[in-house]
Amino acid sequence: MILSEYKSKELLSQYGVAVPEGRVARTAAEAEALCREVTATKYVVKAQIGAGGRGLAGGVKFAATPSAVRSEAEKMLGKPLVTQQTNASGEIVKEVYVEAAVEIAADAFIAIVLDQNAQPTLLASATGGVNFEEQARRNPDMVSSLTLAGNDVEAFLQGLGFQNAKAAAKLVENAHKAFLANEMTLLEINPLAMLASGDWVAVDAKISIDGSAMFRHPELETLVMDHALSSVERTAQENEINLVKLDGNIGVVVNGAGLGLATNDMLVDAGGKPANFMDIRTTATSFQIAKGVELLLEDSAVKIILLNVHGGGMTVCDTVTEGVAFAYARAKRKPPIVARLAGQNVEWAHRMLSERRLPVTVCTSMGEAVDKAVSIAKGGRV
Amino acid sequence: MAILIDETTKVMVHGMTGRSGTFYTDLAMRYGSNYVAGVRPGKGGTKHLGLPVFDTAAEAVAQTGANASLIMVPAHHAAEAMIDAITAMVGVIVCVTERVPQHDMTQVMAALEGSDSVLIGPNSQGILTPGGCKIGVMPTRDARPGVVGIASRSASLTSEILAQTSVAGLGQSTTVGVGGDAIHGIGFVECLKRFREDDQTKVVVLIGEIGGREEEDAAAYLTTLDYGKPVIALVVGREAPKEKRMGHAGTLSIFGSETAQDKTDLLRKAGVIIAKNADDVVPCVTKAL
Chain R
0 MILSEYKSKE
10 LLSQYGVAVP
20 EGRVARTAAE
30 AEALCREVTA
40 TKYVVKAQIG
50 AGGRGLAGGV
60 KFAATPSAVR
70 SEAEKMLGKP
80 LVTQQTNASG
90 EIVKEVYVEA
100 AVEIAADAFI
110 AIVLDQNAQP
120 TLLASATGGV
130 NFEEQARRNP
140 DMVSSLTLAG
150 NDVEAFLQGL
160 GFQNAKAAAK
170 LVENAHKAFL
180 ANEMTLLEIN
190 PLAMLASGDW
200 VAVDAKISID
210 GSAMFRHPEL
220 ETLVMDHALS
230 SVERTAQENE
240 INLVKLDGNI
250 GVVVNGAGLG
260 LATNDMLVDA
270 GGKPANFMDI
280 RTTATSFQIA
290 KGVELLLEDS
300 AVKIILLNVH
310 GGGMTVCDTV
320 TEGVAFAYAR
330 AKRKPPIVAR
340 LAGQNVEWAH
350 RMLSERRLPV
360 TVCTSMGEAV
370 DKAVSIAKGG
380 RV
Chain H
0 MAILIDETTK
10 VMVHGMTGRS
20 GTFYTDLAMR
30 YGSNYVAGVR
40 PGKGGTKHLG
50 LPVFDTAAEA
60 VAQTGANASL
70 IMVPAHHAAE
80 AMIDAITAMV
90 GVIVCVTERV
100 PQHDMTQVMA
110 ALEGSDSVLI
120 GPNSQGILTP
130 GGCKIGVMPT
140 RDARPGVVGI
150 ASRSASLTSE
160 ILAQTSVAGL
170 GQSTTVGVGG
180 DAIHGIGFVE
190 CLKRFREDDQ
200 TKVVVLIGEI
210 GGREEEDAAA
220 YLTTLDYGKP
230 VIALVVGREA
240 PKEKRMGHAG
250 TLSIFGSETA
260 QDKTDLLRKA
270 GVIIAKNADD
280 VVPCVTKAL
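Protein chains in written order, with numbering that gives the first Met the number 0: chain R, 0 to 381; chain H, 0 to 288.
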């Protein structure tokens with residue numbers, strides 16, 4: 000559950016973390032008008048998307064005047080922004096944040112996460128900025144970590160070369176409070192900027208809230224980014240199915256995340272192109288599975304359905320085949336199915352597939368099913 | 000032999016009186032596992048499925064000698080139940096519950112520190128010693144006692160690989176689902192250590208996936224010693240959609256690599272045999288034996 004930049008900053012400022020003054024706009028005209036409410040000598044216009052890598056992709060632009068703000072906002076709004084962290088089609092920019100540009104005297108990076116023992120842990124580096132992630136990946140030693148409970152944050156930051164470490168430690172303390180109170184799984188401030196005055200300010204911020212803890216934080220529900228998922232993916236979620244759309248032509252129906260990942264790996268190795276990743280959660284009913292399959296059938300790119308199920312202790316084979324049968328009974332378009340079923344209730348599921356007269360080819364191994372699906376997708380015989 | 004649990008293990012169930020608790024306790028008992036008690040605060044003194052129900056794990060231990068617990072309670076009570084079991088010094092604690100809030104794990108992990116309890120999960124399908132004891136929600140129809148030890152991050156792939164090893168006539172010593180959550184109890188390294196000491200286990204299969212540090216930690220451990228038994232690993236998610244990956248600091252290496260390739264490279268360097276895909280695991284095992 001990722002919060003967009005401005006919502007992250009709103010939340011942090013409630014806990015005493017300093018952020019530059021800013022306003023969010025949904026149209027270019029609004030962006031220009033809002034400049035009047037922001038005290039600044041220079042503005043910065045920032046695309047509000049979930050993915051990182053924005054700065055290098057043209058999603059952050061400086062503007063000297065309100066009319067320049069308008070034209071930068073115009074270039075971003077309603078258009079996809081492709082960054083290193085999005086897929087090839089990018090993420091559509093629906094909101095921009097107009098902010099007072101600050102004079103940065105020094106920039107740093109901090110993040111708070113839960114470590115493997117669920118202890119809140121500070122990650123920090125005295126150098127931050129747009130290239131930080133790339134640099135840190137190449138040189139992991141750039142980032143130092145400290146368990147927050149019972150440790151001296153100021154001395155730690157001082158040791159890393161932070162200027163005015165006392166003020167930076169105070170900011171970390173406030174951020175830590177926000178992290179705990181809102182059950183965050185990640186709080187990242189990059190850059191954390193020191194102004195000429197010595198004050199530390201969160202120039203960019205990213206927050207991820209634990210989705211499993213949302214029941215305790217109904218007030219955060221409106222803050223969570225709703226455009227991180229496509230409508231198809233959201234419908235799937237509502238039906239207990241994790242679905243990620245891809246751009247191939249083989250619709251994949253699989254139970255379990257591990258088996259789903261394994262299936263897509265094998266499809267790609269065999270020269271095929273999956274149309275999606277699917278993980279039917281153990282809690283899904285056959286009606287919900289039918290909805291998931293319908294989402295694939297509605298996509299005209301899908302030429303074939305690969306059904307790969309290992310009936311387990313919680314999702315048995317026939318629950319899935321029943322869902323497929325429901326979906327096919329209602330669908331206008333009935334692409335061929337290649338099925339590989341194993342595990343709990345496999346015999347019953349096979350019988351169901353043939354009795355419901357589904358256009359199915361049954362295979363015994365995953366490899367055989369994958370090869371068959373790829374060959375049909377490429378125009379081979381069913 | 001097997002690891003962690005066998006036919007002598009006495010199991011209590013936190014949340015036995017609930018719908019899932021009832022269903023999976025019944026299945027496990029039918030499989031022949033030795034279930035001795037249920038725990039449900041407020042229902043102490045009653046009976047369910049013919050077993051006594053207690054308010055706390057400590058009472059269940061005192062009255063029945065239970066030394067393992069299956070936790071199947073709603074997510075917001077899971078931490079409480081895990082801590083109840085740890086405080087009662089239960090040896091093996093299996094938490095099946097999904098979506099346990101991560102911040103709730105802070106206290107659980109602190110309670111675990113310095114205790115002798117082994118926590119499996121949360122969000123684990125459980126642990127199975129075929130023919131001996133089942134603590135979890137996995138299917139058992141394809142399980143056979145045998146020589147393959149399995150430690151896995153994926154329930155569905157465990158069922159798949161387990162079935163394949165049975166068809167090949169190898170069977171399993173014990174299968175452990177370490178759980179799908181970022182913060183969890185037992186990991187690959189602890190499983191490897193126990194499988195190494197176990198006479199029944201002749202070969203170990205690790206089923207990994209993208210994200211987390213399990214594979215990296217296993218590789219680091221295996222480079223420190225001559226393990227003495229073949230280890231085969233399958234790491235899935237090479238072609239995972241980008242959206243499945245974390246967008247920002249999650250990609251920093253202290254959280255583990257974001258690619259399956261990095262993980263398999265490290266494991267291969269540590270002497271692990273890498274299975275190309277899910278169909279290649281059993282051929283690798285057979286060849287290694």
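One should not assume that every hint holds.
[Claimed, not checked] So the derived list for chain H, only partly shown, Cβ under 10 Å to chain R, looks like this:
#	residue
1	V107
2	T157
3	E159
[Claimed, not checked] Now the in silico label distances, taken between C-beta atoms and shown as ranges:
#	chain 1	residue 1	chain 2	residue 2	range
4	R	K93	H	A57	53 to 63 Å
5	R	R380	H	V166	44 to 54 Å
6	R	K377	H	D225	24 to 34 Å
Calculated from the structure, these hints are not laboratory results. Don't be surprised by glycine CBs; every beta carbon is placed ideally from N, CA and C.
Hints versus structure:
1. V107: 7 Å, holds
2. T157: Check passed: Cβ of H/T157 comes within 8 Å of chain R, closer than 10 Å.
3. E159: With a closest approach of 5 Å, the H/E159 hint holds.
4. R/K93 / H/A57: 53 to 63 Å: 54 Å, holds
5. R/R380 / H/V166: 44 to 54 Å: 29 Å, violated
6. R/K377 / H/D225: 24 to 34 Å: 47 Å, violated
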